[in-house]
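Generate the whole structure from the sequences, applying the supplied hints.
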Amino acid sequence: DTAVSQTPKYLVTQMGNDKSIKCEQNLGHDTMYWYKQDSKKFLKIMFSYNNKELIINETVPNRFSPKSPDKAHLNLHINSLELGDSAVYFCASSQTGGSEEQYFGPGTRLTVT
Amino acid sequence: AQKVTQAQTEISVVEKEDVTLDCVYETRDTTYYLFWYKQPPSGELVFLIRRNSFDEQNEISGRYSWNFQKSTSSFNFTITASQVVDSAVYFCALTENAGKSTFGDGTTLTVKP
Chain A
372 DTAVSQTPKY LVTQMGNDKS IKCEQNLGHD TMYWYKQDSK KFLKIMFSYN NKELIINETV
432 PNRFSPKSPD KAHLNLHINS LELGDSAVYF CASSQTGGSE EQYFGPGTRL TVT
Chain B
176 AQKVTQAQTE ISVVEKEDVT LDCVYETRDT TYYLFWYKQP PSGELVFLIR RNSFDEQNEI
236 SGRYSWNFQK STSSFNFTIT ASQVVDSAVY FCALTENAGK STFGDGTTLT VKP
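Protein sequences appear in the order of chains A and B. Residues 372 to 484 in our numbering are what the first sequence spells out, letter by letter. Residues 176 to 288 in our numbering are what the second sequence spells out, letter by letter.
Read the hints as simulated data drawn from the structure, not as lab findings. Predicted model, so just to flag it, every value in this text is computed and none were measured. We put the CB at the ideal spot given by N, CA and C, even for glycine. Errors might be hidden in some of the hints.
Stretch-level coverage of chain B by chain A, calculated; a stretch enters the list once three of its residues show a Cβ under 8 Å from a Cβ in chain A [what the hints assert, rightly or not]:
#	stretch
1	229–241
2	260–270
3	274–287
As structure tokens, this is what we get:
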């Protein structure tokens, strides 16, 4: 049983396109996150949702829009993709807020050409 | 603002050597949480340990041990008798009460046979 799953695993697309990455967790956790990991392996939080409510929204271009249809899902939609968006995007979840450990999905490698 | 510094970008050791990964943090909160995560070459992020700011007890789990010292704002991680399978990027992370997680830049550990 996969605890945190993401689809797709790989995404190759051209500049200017719109794409979505889906995330689902079956751990019963209340909080979900999106992280971006760049080519230097730096890991930065983008968004955090608690029970479908946005609680953390870091300095991310508004081309990135998270959507949480229920507390088990947190999808990431990206408009007008740019070369600099190429990265690995990780979804994660935790029991409550940041005081608990996070469980990460396998990552989605996005390549923008 | 919270900050996590992992001064060692890369460490290379030979199997069976002991190795310590340093983590220094900055926070203004009195309540906070510290974590270590491992990212092996396969790319997934795996939780290793969590510590809250009120618990300075050191912890040992098999070959892994952690030394938390509030006086020096450090949360160091030692691997005893390292093995090739320990090769990975290790991240130290800090979460304040507000729930936002900040990750260090990671330390890439290479264990050679």
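Taking the hints in turn, this is what the structure says about them:
1. 229–241: That given contact is violated, which follows from only 0 residues of the stretch 229–241 of chain B lying within Cβ reach (below 8 Å) of chain A.
2. 260–270: As far as the stretch 260–270 of chain B goes, the hint holds, because 3 residues have Cβ atoms under 8 Å from chain A.
3. 274–287: It holds: at least three residues are needed, and the stretch 274–287 of chain B offers 8 whose Cβ sits within less than 8 Å of chain A.
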